[in-house]
Amino acid sequence: MAHDVHTPTRSHTEYEYLRRQRSKEMRSQLTSFAIMIFLTLIAFTTVSAGFSPYLIVPIILLLAAIQVVLQLYHFMHLSNKGHGTVAFFMFSGMFVAFITVLTFVTIVWW
Amino acid sequence: MSSIAQKKGFGATVWDYMTTVDHKKIAILYFISGGLFFVIGGIEAMMIRIQLMKAGNDFLSAGLYNEIITMHGTTMIFLASMPLLLAFMNAVMPLQIGARDVAFPFLNSLGFWLFFFGGIFLNLSWFLGGAPDAGWTNYASLAMASEGHGIDFYTLGLTISGFGTLIAGINFLVTIINMRAPGMTYMRMPLFTWTTFVASALILLAFPPLTIGLFFMVFDRLFGANFFDVAMGGNTIIWEHLFWIFGHPEVYILILPAFGIFSEIFAIFSRKRLFGYTALVFATILIGFYGFMVWAHHMFTVGLGPTANAVFALATMIIAVPTGVKIFNWLLTIWGGSISFTTPMLYAIAFIPSFVAGGVTGVMQAMAPLDYQLHDSYFIVAHFHYVIVGGVVLAILAGTHLYWPKMFGTMLNEKLGKVTFWFFLIGFHLTFFIQHFLGLMGMPRRVYTFGTDQGWDAYNLISSVGALFMAIGVIVLVINVILTTIKNERVGNDPWGDGRTLEWAIPSPPPFYNFAQTPLVRGLDSYWIEKMEGNKEGMVYAEPLGDIHMPNGSFIPVVISFGMFVASFGALYHMDGDKAWALPVLIIGLAITFGSMLVRSLKDDLGFHITKEELLRDAKGGNKDGSK
Ligand code: HEM
Ligand SMILES: [Cu+2]
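Sequence lines, in order, name chains A and B. If you count by full-length UniProt numbering, then the first sequence holds residues 1 to 110, one letter each, in order. If you count by full-length UniProt numbering, then the second sequence holds residues 1 to 628, one letter each, in order.
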């Protein structure tokens, strides 16, 4: 590996391409931001409407999970190329943790 | 600077190793210290067997016996098997994927020194008021009641060395994901690299629960917390859960690299491509996942209830399936191969029946009702020694012979190697086979003696004689190592003649930059492919010869680890309340650690370049060994 670093120069088409990519990304970020605010509103509404806790808790947990996924994919760039391994490890870790906790709350402690 | 091979003095060599960030030298450090702890653990094992040689023996007192079995188990798992496997991973894995080093050479060295100081700390307990005595599993209900500082040496020592292992695991993961040579796709990686990969993922996911358990224990014992104190609303069973959520994956962390070493050996000495490579890879991954879903099979008798026991019993039995897949793949690799019975191959062949026996007793214990009978008896001792000695230790011995030339540039004597093999194998079966029956006859594990009227005398004596055989085997191995080192007959790239993977395409030991040019990988068993096509160089290159960027050595990892070591003494004696110096020692230790981390962060260390001319000179002058 030689250490002559070369500075990249972009052609016009490359530049245009990047611009389009970026504005697409921007749009997806704004959309998911809007969705997230909406989800948060739902969460608050269920609580203030005074539903039964057995309904509220699962709904809030579900909404939280959706928010995490949105966050990961649209803000933390998990959807970008080359993140497959990272995603695999994250989801394996979550899966293992989830199974473990599930085991405790279903068959070990109750 | 690099190509002048000069004879170095002893002090300079030691300094070189203390500051090295080269994965091959770190491998040697892991190998030597792992070997040392293996011998210490072995001496403890011999003392156990001497004590149990005859009924009513008084060679060891009851209390000392508890300390010795605890230290034997802890040493063998954490300080011998793990580092010896990490030694092979360090020595071989980067070469197998065509990399110049691991992803984070500095962290690699830090990982080693943390393990080393943790291990020393743990063993210093012998001289500072007594070793831990609650078993290697350190169940809270026992450990909290233990007097003296033994348990604290256990918790703090394992915390430090656990950090080291975690660092090593993360480092290997990043290395394998990012540093494979061009063409080395995941499905072309040698099986030892694959098992290193999955074992590292298990380290990443399994060590945190242990760390949490140890933290709870440290806080309970040293700083007055009540995590495990039932009277204060704590829960003593939670330790067992945390320990086994770590503990079961841990046994797979040990056995998977062993599987990897044997997979390499079967292919090399059968002169055949591995049968069912893809199945072997997926079985490895599957075992990794299942490993996390079975921990409660160690707790059938705790009283979790029939539902939990049934679920965990079934989950446990499922693991035997991918393991069986592997066994059949190895058998079919040997089938029809042109086999050469070298020492490593003998170990590999002996491994199959030995390990299968351990697997069968495992499935027996997985049946919860039967386990009520077997649990905490010598049957369990027989089971785990069959899988750990018959699997992991045989793999370590096999790997020592197989990779000795790649690590040290000389060949261990084959005759003596076979003597070791036969002594060890016969001794192993003699020691542990009979323990199944001792268990069925009712002998509980971890008892320090028994009576003449119990009818266990003869079997225990046989077991002790077997241990003597294993000890003789290990002594012959040590003699072999000494003779080989004195003779110092250097060997070439591929001393076994049938190497298949990249590490056999470069000199033994490799130059410190491994590959003058990064190789281009054209398929599974890439060196074999080049050999078959008559390529004399053993590889094709992915880049022209050019300057290579290398990291500088550093002494900082030793200092960081030493700070933790000092701080641990402070934390440990702080509990006594009457030692005013304890708190300052704790603070000074932490200051050393964080100060040296700060220095590392603030000081730029850009490494150095090996120029093309130096590389050419190396190639011409045949600077074949790893010294700078
Ligand atoms: C076919 C696969 C296996 C099965 C079904 C299995 C099952 C079991 C079960 C049920 C126990 C608990 C017995 C008791 O305490 O009552 C046990 C203990 C143990 N197993 Fe296995 N096992 C398997 C493979 C392995 C492997 C590959 C290793 C290590 C390399 C291993 C190491 C151990 C150890 C160290 C213990 C004892 C822990 C202790 O209590 O100190 N096992 N096994
Ligand atoms: Cu287990």
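Rather than coming from a laboratory, the hints here were simulated on the basis of the structure. Just so it is clear, CB atoms sit at the ideal spot from N, CA and C, and this is done for glycine as well. Hints may contain errors.
What the hints assert, rightly or not - To be clear about the criterion: a stretch of chain B counts as covered by chain A if any three or more of its residues have a C-beta under 8 Å from a C-beta of chain A, and this derived list gives those stretches:
hint, region
1, 113-121
2, 283-297
Unchecked claim - Derived Cβ-Cβ restraints for the label pairs, each shown as a range:
hint, chain 1, residue 1, chain 2, residue 2, range
3, B, T278, A, G50, 52 to 62 Å
4, B, I238, A, G50, 34 to 44 Å
5, B, M317, A, R20, 29 to 39 Å
Claimed, not checked - Residues from chain A that face chain B, not an exhaustive set, calculated with beta carbons under 7 Å:
hint, residue
6, M76
7, N80
8, V108
Verification of the hints:
Beta-carbon proximity to chain A at under 8 Å applies to 0 residues in the region 113-121 of chain B; the threshold of 3 is not reached and the given coverage is violated. Given as covered by chain A, the region 283-297 of chain B passes the check, having 4 residues with a CB less than 8 Å from a CB of that chain where 3 are the minimum. About 56 Å separates the C-beta atoms of B/T278 and A/G50, a value consistent with the hinted range of 52 to 62 Å. Remark: the range hint 34 to 44 Å for B/I238 to A/G50 is upheld by a beta-carbon distance near 36 Å.
Distance hint check: the CB atoms of B/M317 and A/R20 are about 55 Å apart, inconsistent with the given range 29 to 39 Å. Because the smallest distance between the Cβ of A/M76 and any Cβ of chain B comes to about 18 Å, over 7 Å, the interface hint for this residue is violated. Taking 7 Å as the C-beta cut-off, the interface hint given for A/N80 is violated, the closest approach to chain B being about 16 Å. At about 5 Å, the closest approach between the beta carbon of A/V108 and any beta carbon in chain B falls short of 7 Å, and the interface hint on this residue holds.
Checked against the numbered hints given earlier, the structure breaks hints 1, 5, 6, 7 and satisfies all the rest.
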